[in-house]
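Protein chains in written order, with the numbering used here: chain A, 1 to 99; chain B, 1 to 265.
Just so you know, these hints were derived from the structure itself, not from any lab. Beta carbons are placed, not taken as given, at the ideal position from N, Cα and C, and that holds for glycine. Certain hints may be false.
[To be verified] Here are some chain A residues pointing at chain B (derived, C-beta under 8 Å):
#	residue
1	A8
2	L28
3	A30
4	L32
5	V51
6	V60
7	K73
8	Y77
9	S81
10	G91
11	L92
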Amino acid sequence: MSQLREPAFDRIVALVLRTGAFSCFFVLLAGLITALFIPGRIPLGIERAGVLLMLATPVVRVIVACYLFFREKDFRYGWISLGVLVILMLGLVFGIGEH
Amino acid sequence: MVTVLLMILGFFAGLLGALTGIGGGVLLTPVLALYFGIPIREAIGTSLVAVITTSAASSSVHLQRHTTDIRLGMTLELATAFGAAVTAYLVGYFNRNFLEGLFAAFLLYSAITIMTKGGKIRPDDESSTNASGEVSIPPYEPKNYPLGMGASLIAGGLSGLLGIGGGPIKVPVMYLFMNVPLMVATATSNFMIGVTAAASAMVYYRRGDILVQYAAPLSVGVFIGSLLGARLAPRVHTKVVVYLLVGVMLYLAGHLSIHLLRGLL
């Protein structure tokens with residue numbers, strides 16, 4: 001049995017990644033262009049939003065895959081995806097205030 | 001001015017990455033540290049953002065070709081993400097000189113590995129492609145999961161430590177020991193890098209080690225560079241590009257060592 005060949009599944013996950021990468025690109029670009037005209041906090045805020053968008057894209061990808069696995073009643077991989085999500089969230093808790 | 005330089009730097013890192021399959025992180029971190037005066041830990045955190053960008057852009061292409069094994073990737077991500085989060089946390093307590101030395105050693109090691117492989121990084125296309133551009137891959141069943149998880153833990157750990165993707169570890173293990181076709185191994189490794197890098201990038205971000213004003217132009221450049229690189233890849237003589245890459249890596253390893261010694265003396 002091959003684990004590949006689920007075109008719809010692949011397409012949805014690809015769409016999540018592409019949307020994330022493109023929207024991050026345009027937000028960052030908007031930040032850089034804004035910085036040309038308005039110096040200071042506003043462009044930096046836009047750029048920060050773009051960076052956070054990039055960090056969030058893989059998380060959204062895991063959430064979407066998790067949902068798709070559970071919907072297909074593929075519980076084994078649904079739980080595995082949930083496990084990956086938990087580890088990612090641990091990363092958010094780790095490192096608070098560490099310098 | 002610095003913004004334009006960072007965009008150009010990102011562009012070339014993304015281009016080289018897409019042409020050779022070596023991620024941008026291994027080049028971006030030392031360049032940021034050596035020529036932009038960014039401390040090594042912040043350089044690693046900043047280039048992690050670019051690594052996620054590359055992975056998202058390129059793995060969406062692989063997914064559309066249906067060469068990514070999402071199930072295998074998800075399973076191994078349990079190990080890579082965990083390893084990455086743990087080492088990213090530990091880096092907060094590391095001596096900066098130690099980190100710089102480690103990075104120089106890793107650069108040297110990677111350059112030598114690539115050279116001994118005779119400039120062949122990209123897998124030969126073993127699977128057949130039919131007229132409509134669809135790739136057909138023979139059925140397979142991944143095996144040897146414990147070994148795969150172990151290797152993924154190490155790859156993830158290195159990723160959190162140095163801000164790199166870890167493809168050179170995962171791809172051979174999947175291909176040689178897990179019975180996964182080379183094309184699938186490459187695509188799946190690429191797919192995993194986004195989540196792995198995100199796990200460590202969040203720790204770096206919370207610690208304040210991602211410099212947004214540097215990460216923004218860098219990621220914009222990387223995005224354009226990797227899109228162009230993916231289009232050029234079939235038409236470019238890879239061997240020349242790979243030797244160029246090895247040269248740059250050796251140079252950076254040397255400069256980083258000198259930089260480190262100057263700091264110590």
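Here is how each hint holds up against the structure:
| no. | hint | in the structure |
| --- | --- | --- |
| 1 | A8 | violated, 11 Å |
| 2 | L28 | holds, 5 Å |
| 3 | A30 | violated, 10 Å |
| 4 | L32 | holds, 6 Å |
| 5 | V51 | holds, 5 Å |
| 6 | V60 | violated, 10 Å |
| 7 | K73 | violated, 14 Å |
| 8 | Y77 | holds, 5 Å |
| 9 | S81 | holds, 5 Å |
| 10 | G91 | holds, 4 Å |
| 11 | L92 | holds, 5 Å |
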